[in-house]
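Given the sequences, and given the hints that come with them, work out the whole structure.
Each chain, written out:
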Amino acid sequence: MLTSILQQAPAETTRYMVAGYLVIFSVMSLYILSLFIRRRNLERELQILDEMEQNQK
Amino acid sequence: MESKPRLLKILDIVTVLLFISAVGMVFLYAPLEAVMGQVQRVFYFHVANAWVGMLGFLVAAIAGVAFLRKGDRKWDIVGLAAIEISFVFFFTAIVSGSIWARGSWGTWWTWDPRLTTAAIVELVYAAYFMLRQGIEDPDRRARFGAVYAILSFISVPLTFISIRIFRTIHPVIIGSGSAGAEGSFDMSPKMLQTFMFSLLTFSIIFVDLLWHRIRLGRLADKVENLKLKVLQ
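Top line first, the protein sequences correspond to chains C and Y. With the working numbering, letter number 11 in the first sequence gets 11, and the count goes up by one each step, no holes. With the working numbering, letter number 117 in the second sequence gets 117, and the count goes up by one each step, no holes.
Don't take each hint at face value.
Computed list of lysine-lysine pairs in DSSO-like fashion (alpha-carbon distance at most 30 Å, straight line) [said to hold, decoys possible]:
hint, chain 1, residue 1, chain 2, residue 2
1, Y, 222, Y, 70
2, Y, 9, Y, 222
3, C, 57, Y, 227
4, C, 57, Y, 222
5, Y, 222, Y, 4
6, Y, 70, Y, 227
7, Y, 4, Y, 227
8, Y, 222, Y, 74
9, Y, 229, C, 57
A few chain Y residues that face chain C, going by a derived Cβ cut-off under 10 Å, partial list only [claimed, not checked]:
hint, residue
10, 19
11, 36
12, 40
13, 42
14, 212
15, 223
16, 226
Using C-beta positions, here's what the derived DEER-type ranges look like [unchecked claim]:
hint, chain 1, residue 1, chain 2, residue 2, range
17, C, 26, Y, 157, 23 to 33 Å
18, Y, 17, C, 55, 41 to 51 Å
19, C, 41, Y, 229, 41 to 51 Å
20, C, 41, Y, 190, 40 to 50 Å
21, C, 39, Y, 10, 17 to 27 Å
22, Y, 157, C, 56, 44 to 54 Å
Just so you know, the hints here were simulated from the structure itself, not pulled from any lab data. Yeah, the Cβ is synthetic: ideal placement off N, Cα and C, and Gly gets one too.
Quick look at the structure:
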């Protein structure tokens, strides 16, 4: 009977689930962070270029 | 400096709320699968990531056609944005799928038709960025990018149908799969609801990210044009 109960139990795969979601959440977070950083850098660059353009006039 | 549109702010909030709800459904609402156990929960976001990947590649191909017809640079920005987002999500789908395979099939990777074609798709789109990097003239870059986005899209439906036409161990979620498929399971109503909600959530995430990435692309274009003007 014990063998039958053990055979019916789902496989112990929690660590793979944790690893899977860790990858999914990490990659999504890194991508959103990269969008934020790139935007911030471009805004800084635009500000500098605007100032340079004003000085040239 | 361009301020964030009100509609985008609302979309951001809706996206975050949907994402939190989807995570809640995956971990608290969907039942434990009887054979594979906890690793089956990866399936909800794994498929949703692959869906976003394919959706974005389709959007990029449409944007490519629109660019070639109209010659408007805005379509190049849309195409680049869609491919970048899809590249990231498709990569996540491949890696999370590999982790699921380890828990379900006992191996990280096998040269199965689905896995092989998915890897080819990712490599084909990796080459898209290399192609763009190698062209300095913005108009030429946009034209080549558009043609490449259209041609490379051929690889996407091939991946989608690979599990339906070839003998494969990859399970088919919708429709009938190969006799050799491993890791298939019957979805209970709660599982199906969680799956459909995850697909909806990731579609909204895609729209939200696409909007942000298009704004970033427009800003980059502005900076590039101003740079050329100032340095001349």
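Point to revise | Proposed proximity, residue 57(C) with residue 229(Y) (alpha carbon, max 30 Å) | key: holds (12 Å)
Check your understanding: Holds or violated: are the alpha carbons of residue 57(C) and residue 227(Y) at most 30 Å from each other?
Key -> holds (15 Å)
Check your understanding: Is residue 9(Y) within 30 Å of residue 222(Y), Cα to Cα?
Key -> Holds: residue 9(Y) and residue 222(Y) sit about 23 Å apart, inside 30 Å.
Review point. How does the Cβ-Cβ distance of residue 26(C) and residue 157(Y) compare with 23 to 33 Å: does it lie in that range?
Key: Since the Cβ atoms of residue 26(C) and residue 157(Y) sit about 30 Å apart, the hinted range of 23 to 33 Å holds.
**Study point:** Distance restraint evaluation - residue 41(C), residue 229(Y), Cβ atoms, bounds 41 to 51 Å
**Key:** Roughly 19 Å apart at Cβ, these two residues miss the hinted range, so it is violated.
Review point. Does residue 40(Y) pass the interface hint, meaning its C-beta sits closer than 10 Å to a C-beta of chain C?
Key: holds (8 Å)
**Study point:** Status of the hint placing residue 19(Y) at chain C (closest C-beta pair under 10 Å)
**Key:** holds (9 Å)
Review point. Does the structure keep residue 70(Y) and residue 227(Y) at a Cα separation of 30 Å or less?
Key: holds (26 Å)
Check your understanding: Given residue 223(Y) as an interface hint, is the shortest Cβ-Cβ distance to chain C below 10 Å?
Key -> Interface hint status for residue 223(Y): holds (5 Å vs cutoff 10 Å).
Exercise for review: With respect to the beta-carbon atoms only, verify the hint that residue 39(C) and residue 10(Y) lie 17 to 27 Å apart.
Suggested key: This hint holds: roughly 19 Å between Cβ atoms.
Point to revise | Restraint status (C-alpha distance of residue 222(Y) to residue 4(Y) at most 30 Å) | key: holds (16 Å)
Review point. Taking the CB of residue 41(C) and the CB of residue 190(Y), does the distance hold inside 40 to 50 Å?
Key: holds (45 Å)
Hint compliance for this structure: hint 19 alone is broken.
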